[in-house]
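Asker: Next come the chains, spelled out residue by residue.
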Amino acid sequence: MAHAAFYGLGAYTSALITLHFGAPFLLSTLMGMMAAALISLFISLPSLRLHDDYFVIATFGFQMIIFGVLNNWMDVTRGPLGIPGIPQPAIFGWVIRSQIGFVVLSSLLAIFAYSIVYRLSASPFGRVLRAVREDEIFAQSLGKNTLWFKVLAFAISAALAASAGSLYAHYITFIDPTSFTIMESILVISMVIIGGAGSPWGPLIGALILVILPEALRFVGFPSTVAANLRQIIYGILLVLMIILRPRGLVGRYGFGQ
Amino acid sequence: MLSQLFFNALVTGSIYSLVGLGLSLILAQAKFINFSHGALVAVAPYGALFFIDQLQLNFYASVSMGILFSIAVGCLLEIFIFRPSRQANASSLILLIVSLGVYICIQNTISLTFGDSARSIRSGNHTATLVFFGGSLTLIQLATIITSFLATCCLLLLVKKTKVGAGMRAITSDPELARVFGININRIILLTFAIGSGIAGIAGILVALDVDMTPRMGMSLLVMAMVTVIFGGSKNLIGVTVGAYLLALAQQFAVWNINSQWQDAITFLVLIVFLLFKPAGLKGLQLRKGNI
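One line per chain: the protein sequences are Z and F, in this order.
195 is the number that the numbering used here gives to position 195 of the first sequence; each next residue is one higher, with no gaps.
79 is the number that the numbering used here gives to position 79 of the second sequence; each next residue is one higher, with no gaps.
This is chain Z alone, in the form it adopts within the complex (with noise of 0.2 angstroms):
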């Protein structure tokens, strides 16, 4: 439940980092997955080593400390006022300002991310973790470390936040504390369990789904009140239909223990 902290820690990262430091979007971004790693060992070392939900209240805590953070530290992170005016991406010089670039940067990312996942996935790194998804103790009597194991793989996906938080930093070109609150953190979730989890086409499906769903349903014409509220019932809709009846997701291999 503390994805949105990685990504919002991504984003203030690279987004100060650009600002004060002068430094290329690749490096900020870079410095910006650094840093959640690393911020990512404080609430992983600690709380792995718990029972399923109760890693998930404190992932949920830590998720709050880190909005209360990003808050509230008004010298660095400006709180609620936010961060305006990130320049937009330099790579090498050529500046994405079009939607057109953008799409071809966030596309090369995505694919990025994925062929890293993959390649993870397909390596000996990877069926440890599977090992450890199906019996941990099994695993743990293997002789593998499952606590290092299950750290790094967090540590992973914090970066992988951040790097998506830092190109939404430098896409909007503001950013303030509310895109990175809790509701993130389980529209997040919400696309993994709808597309499923354990494939690599999972969450890019649910992503599909749950991003286009909302534009779909401007066309209807309600008003934008009742339209934010629709859309997040829907959500809510989705996600409880979804593991009840299919909680490996649609296109997933793993049912949540079930």
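In short, the hints are calculated from the structure, not lab data.
Some clues are possibly wrong.
Quick list of the computed label-pair ranges, beta carbon to beta carbon [to be verified]:
1) 76(Z) / 173(F): 45 to 53 angstroms
2) 113(F) / 183(Z): 13 to 21 angstroms
3) 99(Z) / 87(F): 44 to 52 angstroms
4) 87(F) / 183(Z): 28 to 36 angstroms
5) 120(F) / 171(Z): 38 to 46 angstroms
6) 145(Z) / 182(F): 43 to 51 angstroms
None of the values given here were measured: they were computed from a predicted structure.
Idealized CB from N, CA, C, for every residue including glycine.
Once you've looked at the hints, dock chain F against the given chain Z.
Answerer: Positioned in the frame of chain Z, the structure of chain F alone reads:
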């Protein structure tokens, strides 16, 4: 000043314990963390608002209807969503996520129907304030403390002394064995949901009378209730109550010494530290994974 802090802590702790007790009962018996419990906190005052605004009912009747509405929603959720999932062997993580989805639906339905800004059901004749020992308490706040105390006592009596309570304790310790002994698990869990929803609704009404209500009021209370359940351990009702008041006290001291904006962050820091060093709760359950 100190006594005012203490009084504030008493009031807040009472609310936390009301919500936490329900959450803890459901956790102990149905074995999952029920996020929708937070929604039920908001359902009662908004239900009362509906009865006051639309049907012009008098204050006390509306409040009672609000609480009944909360109980009804809680029971419907159990019958139509949580029970079938339980019978399909859903894991506790799945149930948690389901309850999260339910919470989102309910909160946004409330937002849709009543709007996001604060609403009030205060009727103007409860604003008397009592002053003693250097601190002040409004009548509503006093009522909150007394109600919470009564509810805790009744709940403890129910669980420790009645036959139904014995059934609850049996389900908490071993549901399969309880079933073998002929205890009707579904009926007792339904009762638990009803009681839990009821006291959550009461908490919601009390908060609404004190500081007005918003659709999100349930989430913040739920989060604090989760913390108290962890402090107390899910099988220990007294631990939850103690945890609730301790949490409230800690929050008041934090507000006093540190800028109040950091209050939430500090609460969770305390929680995480607590989970690190005392994962078994004050007197409670085993939280670490992989311990056979």
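Asker: Of all the hints numbered above, which does this structure not satisfy? Sort the numbers upward.
Answerer: none
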